[in-house]
Amino acid sequence: MLSTKFSPMSKEEVDRKWWEIGDFFRRNSLWMLMYCTGCCAIELPPAMTSAYDMERLGMGPMATPRQADVLLVTGYLSLKTLRRLIYTYEQMSEPKYVVGFGSCTINGGIYHDSHAVINQLNKYVPVDVFVAGCMPNTESVMNGFIDLMDLIKNKKANGWKDYHERNDWYKANQKAALGEVKIHDEFHE
Amino acid sequence: MTVELLIILTLVLGLVSYFMGRFNKVYGAVVTIIASMFVFISVGYMANDILDGSTFNYNAVKYLPVFATFTVSYLGIFFAILVTFVFAMVSFFNPFFVEKYKYPAVYNMLYIFSLAGVLGVFFTDNLMVLFFFFEFVVWSGLFIIPLGKSKKAAVSYYAFSTAGSFALLYAIFIMRDVAGTYNLYAGLASVSGTTQGTYVMILLSISAFSKLGAFPLHTWLPAAHGNAPHPFSPVLSGALVKLGAFVAILALVKLAPVGDLQSVFGSYTDATFLYASQYAVAILGAMTIVFGTLMAIRQDDAKKLLAYSSVSNGGYILVALSIGGSVGLAGGLYHIIAHALASAAAFLAIGAVSRVTGTSKMSELGGMIHKMPITYMVYLIAIISMAGIPPMGGFISKWLIFQAVIDNGLILIAVAVFFGSIGSFLYVFRPLAALFLGQELPQHKDKAKIPPFFMLLPMIILSLLIVYTGVFPNYILGFINDVMAELGVDALVIGKYTIQGPNGVLHPTLVASVFGVGVLIAFIIFIVLKKSRKVGLMDTYTAGNFIYTEELMHYSLDFYAPIERLYEKYINITEDFYKKLENKVVDFGRMVKYFFFTNKPEVTVFWIVVIIGFLLWGDL
Amino acid sequence: MVDMLLMILAGVGVALFGFVLQTSIAGVNRKIVGRIQKRYGPKWYQEFLDIFKLLSKRSVTHGWIFDFGVIMALGGIIGTAMFMPITSSLMAFPGYDNFFIFVYLIAVGMLGMAMSASGSGNPLASIGVMRALTTMLAYEVPFMIVVLTIIKLTGTSSLSELGILQQAGGDFNWFVIALPLGGIVAVISLMGMLGKKPFVTYIAPAEIASGPMVEYGGKQLGMLFIMHEITVFIEVSLFVHLFLGGAENILFFIIKYFAVYTALNIMSSVYGRLKIDQVVLFFYKWPLILAVTQAFIAIYLGWVI
Ligand code: SF4
Chain A
1 MLSTKFSPMS KEEVDRKWWE IGDFFRRNSL WMLMYCTGCC AIELPPAMTS AYDMERLGMG
61 PMATPRQADV LLVTGYLSLK TLRRLIYTYE QMSEPKYVVG FGSCTINGGI YHDSHAVINQ
121 LNKYVPVDVF VAGCMPNTES VMNGFIDLMD LIKNKKANGW KDYHERNDWY KANQKAALGE
181 VKIHDEFHE
Chain B
190 MTVELLIILT LVLGLVSYFM GRFNKVYGAV VTIIASMFVF ISVGYMANDI LDGSTFNYNA
250 VKYLPVFATF TVSYLGIFFA ILVTFVFAMV SFFNPFFVEK YKYPAVYNML YIFSLAGVLG
310 VFFTDNLMVL FFFFEFVVWS GLFIIPLGKS KKAAVSYYAF STAGSFALLY AIFIMRDVAG
370 TYNLYAGLAS VSGTTQGTYV MILLSISAFS KLGAFPLHTW LPAAHGNAPH PFSPVLSGAL
430 VKLGAFVAIL ALVKLAPVGD LQSVFGSYTD ATFLYASQYA VAILGAMTIV FGTLMAIRQD
490 DAKKLLAYSS VSNGGYILVA LSIGGSVGLA GGLYHIIAHA LASAAAFLAI GAVSRVTGTS
550 KMSELGGMIH KMPITYMVYL IAIISMAGIP PMGGFISKWL IFQAVIDNGL ILIAVAVFFG
610 SIGSFLYVFR PLAALFLGQE LPQHKDKAKI PPFFMLLPMI ILSLLIVYTG VFPNYILGFI
670 NDVMAELGVD ALVIGKYTIQ GPNGVLHPTL VASVFGVGVL IAFIIFIVLK KSRKVGLMDT
730 YTAGNFIYTE ELMHYSLDFY APIERLYEKY INITEDFYKK LENKVVDFGR MVKYFFFTNK
790 PEVTVFWIVV IIGFLLWGDL
Chain C
810 MVDMLLMILA GVGVALFGFV LQTSIAGVNR KIVGRIQKRY GPKWYQEFLD IFKLLSKRSV
870 THGWIFDFGV IMALGGIIGT AMFMPITSSL MAFPGYDNFF IFVYLIAVGM LGMAMSASGS
930 GNPLASIGVM RALTTMLAYE VPFMIVVLTI IKLTGTSSLS ELGILQQAGG DFNWFVIALP
990 LGGIVAVISL MGMLGKKPFV TYIAPAEIAS GPMVEYGGKQ LGMLFIMHEI TVFIEVSLFV
1050 HLFLGGAENI LFFIIKYFAV YTALNIMSSV YGRLKIDQVV LFFYKWPLIL AVTQAFIAIY
1110 LGWVI
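Residue numbers (this note's numbering), protein chains in the order written: chain A, 1 to 189; chain B, 190 to 809; chain C, 810 to 1114.
It cannot be assumed that every hint is accurate.
Calculated lysine-lysine pairs in the DSSO-like style (CA-CA distance at most 30 Å, straight line) [unchecked claim]: (1) A:Lys11 - A:Lys171; (2) A:Lys156 - B:Lys291; (3) B:Lys720 - A:Lys171; (4) A:Lys156 - B:Lys758; (5) A:Lys17 - B:Lys289; (6) B:Lys723 - A:Lys80; (7) B:Lys214 - A:Lys153; (8) B:Lys340 - B:Lys550; (9) A:Lys175 - A:Lys17; (10) A:Lys156 - C:Lys852; (11) B:Lys291 - A:Lys11; (12) B:Lys720 - A:Lys17; (13) B:Lys723 - A:Lys11; (14) B:Lys720 - A:Lys153; (15) B:Lys719 - A:Lys155; (16) A:Lys161 - B:Lys720; (17) B:Lys560 - B:Lys214; (18) B:Lys560 - B:Lys719; (19) B:Lys340 - B:Lys758; (20) B:Lys723 - B:Lys291; (21) C:Lys1094 - B:Lys758; (22) B:Lys214 - B:Lys550; (23) A:Lys11 - B:Lys719; (24) B:Lys768 - A:Lys153; (25) B:Lys443 - B:Lys560; (26) A:Lys17 - B:Lys719; (27) B:Lys638 - B:Lys560.
Note that these hints are calculated values from the structure, not bench results.
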């Protein structure tokens, strides 16, 4: 219970302050979960190792969605992997961010007319930053991360909130692409 | 109430429970509760009197033959109060398990009979009476064990116990021969330090080893403990095995050790040496520790696992008693208490689980914590004590044993002792992870529920006592000091809250409270932070795969496979030895039968006459 | 009563000091390892950022045992750290810094973490715990034998007294030099304790998705990170006090601590990983033989440099 006499801040303001402090930590320590579906993934090793060294931004790879803050979707997503991607995204702890790599995630890229892949990633999960290019070079990947940090700083990286608010819309899109998510495969009968 | 009257009353109650059990199963089991509580309280009164120094005569004999003398010593009281307490606690489980036996009335009667036998062993000072009650306990157990899962277990229990009993009997004969009396203390005193003393020590050690399940006489113990009825396993492991410790104290503390190595090697080095007999027993104890640990790691049945842990803990008791001295002996005696409480609680917890699920195999169980949280906590506290982690009782005794081992510079034994202590983390964790934690398996989801109050009660009392022995050990250590004074060993130095070892001071209360402070801080950190979102157990990281089968997400089979691989080739050596021995005995029996018990009685008679003649040759 | 409370407060101070010290040094070490790999490396306070970020996130929980285990883990480790002497005269509970308390009280924390990990219901977590326990079985025994030698020779198991005894004999009476074989064993065991390569078997990000940590995120993971930092503080300080002559003052302590931790990190960054059974076999071969030889030489022959 905060004493109101000495701190005239309302509860919202206090919360906002805490949130800003939290944002400082969050943008300086982004842990990634790499969902290496497409060829854009090849840009990540140089970004991580000594050439560009993303650790100096406080970023690093993580093993599971629970631990990670930012989901990297590196390229095209087939319908089969989309289902897994959504599952993984929902397992991440909030606040969580998504970075889409390459033209494949923006509009389908060279696979835009394929029957097996989705074209627009942000119809299914909220994407905070897109890195354009086919494939994007490493500088732009790094640039994309710095953009994400700026968005977090300016409180604009709100995709995860959007996923709560427009959940019906996302779910409807997911359903339209995948059908009812009911798995009956050979392992589970 | 004299000891004699108590034993007779107990036996009568046993018969009452039998007839009650014939009339109604559950009532018969309730009689066992009443009987064992009654015995425990009576022994408690005795302990109270003996501590007050009052001189009430418990030793009078009126109804039994005069040679059946009794005496209430500190040592006897120490064991009796512990064992009757375990009996009393476990008896609460009896009414809930009677349905499962073929002969519930017999079970009740034998349960009380073995209690009576135990009283007789601890309170008599007559060697033949000791032997009689010793056998009485063995026989009661012999008929209870087959009521559980396996008949073979009872046979091997009987075989090893008989070996122990015969060793005891021969020791008694030697003592009788030397001392001219059947008095226990006079007998031990008269042989102590002589050549016969060595024989007596070896024979008594065999007896103790077989009862305690120590290497190499351990094979019966896991079979018997693992297969006995669920409420009898805790009694076996927490109480009856302690008969072996009692005999071991007679052999190792009451008799002077033999084989003076100090005079042989002492001139070459500054280091001090123990006696050869102490080394011998300590090495066997160390082997018991290692062997029990390795076997416990690879068991699948939770009860067998705990049984092997009893083997390993028996090894600790032997090591401690053989080193002796005030620290070693106090450590051994404290370990007897700590292990009795912990193992009884752990067995009861597993028993409670298998009552509802019908199995104690870890590979068939999982996630019991969600329906049986209190049982889980009981098991957790028990294993913390068993692994020797503060703030539970097991830590105090292990600390004392480590002090004794280090103080005597026993390097190789220390390897075993430390190995067993770390190894115990491994094996006690396994039922925790595989049986209580992990995925909640659907086949047990509906059946599992919180056990009835009267099953929880003894488990909770035992858990509280385990914590008490770990936080405030000094009252009990004071009593142990009395026991040690009676045994002629210097007292352990204890302060109000502290224990003084040869190379350090322990303040268990401080350790426990600092641990509490740490947990409090962690709790505050936890509670001020944002509340977590609750998700189901199946919502786990699966690399994006959808899995709906709980079994596939539960890791319980071959838990320690990487380390088991390293030694699984060598584990059957002792079993194979006993198998071979068994075959030899059977062959020998066939031969005897072939020669002596032929179809012609005159041949048999002839041989009998020849053998008797041979045996009496010198005397005629 | 009041001085008891003061002692406990001092103990909390020690734990906090250990946390801050180790977290900073771990950050610096990440930079050093970065330089070894020809990278720039993160900020030196990156570890703090990571931990506070985790604490600020909203995590998931898998039931009460998942949370309770984490609390028990952190609580046990904080409790252990409270006993740790910083210099040979500066500690919260003088006289009670018994070696065995550290070895066994630390186990409560480990048990809490293992319990919580298994309680998450993820099989990978149980596998990780199994590996962690197996590794512990490997490195602990040789280390304890070396410590047995020290305790037997000096007749005390109090860390601060051991430190003072070593200081009394001059700087090169440190046990790492006086008992050279034991010193080697202790360094190897310390690498196992800290989970440094080649003995890191239980955190395998690609194989079992970081083992025990697999289901943690947010505050639970943050608390386990704090626990990990304090654990490292306890283990490295144990080494400093037992083998490097303790510390006369706080500066020496920090220097020795930094030297040990950095040296181990540099060593570890050039190794690959062993399998679990290889770890066990390794520790029960050379380190154990060396430790037992050292103990025999020192106790029975009295050869101490
Ligand atoms: S954007 Fe280009 S490089 Fe990236 S995944 Fe699509 S096709 Fe491959």
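Evaluated hints:
no., hint, in the structure
1, A:Lys11 - A:Lys171, "33 Å, violated"
2, A:Lys156 - B:Lys291, "73 Å, violated"
3, B:Lys720 - A:Lys171, "26 Å, holds"
4, A:Lys156 - B:Lys758, "63 Å, violated"
5, A:Lys17 - B:Lys289, "64 Å, violated"
6, B:Lys723 - A:Lys80, "28 Å, holds"
7, B:Lys214 - A:Lys153, "73 Å, violated"
8, B:Lys340 - B:Lys550, "19 Å, holds"
9, A:Lys175 - A:Lys17, "38 Å, violated"
10, A:Lys156 - C:Lys852, "25 Å, holds"
11, B:Lys291 - A:Lys11, "69 Å, violated"
12, B:Lys720 - A:Lys17, "18 Å, holds"
13, B:Lys723 - A:Lys11, "26 Å, holds"
14, B:Lys720 - A:Lys153, "24 Å, holds"
15, B:Lys719 - A:Lys155, "19 Å, holds"
16, A:Lys161 - B:Lys720, "17 Å, holds"
17, B:Lys560 - B:Lys214, "28 Å, holds"
18, B:Lys560 - B:Lys719, "27 Å, holds"
19, B:Lys340 - B:Lys758, "28 Å, holds"
20, B:Lys723 - B:Lys291, "46 Å, violated"
21, C:Lys1094 - B:Lys758, "18 Å, holds"
22, B:Lys214 - B:Lys550, "28 Å, holds"
23, A:Lys11 - B:Lys719, "15 Å, holds"
24, B:Lys768 - A:Lys153, "75 Å, violated"
25, B:Lys443 - B:Lys560, "50 Å, violated"
26, A:Lys17 - B:Lys719, "15 Å, holds"
27, B:Lys638 - B:Lys560, "5 Å, holds"
Hints 1, 2, 4, 5, 7, 9, 11, 20, 24, 25, counting from the list given before, are not met by this structure.
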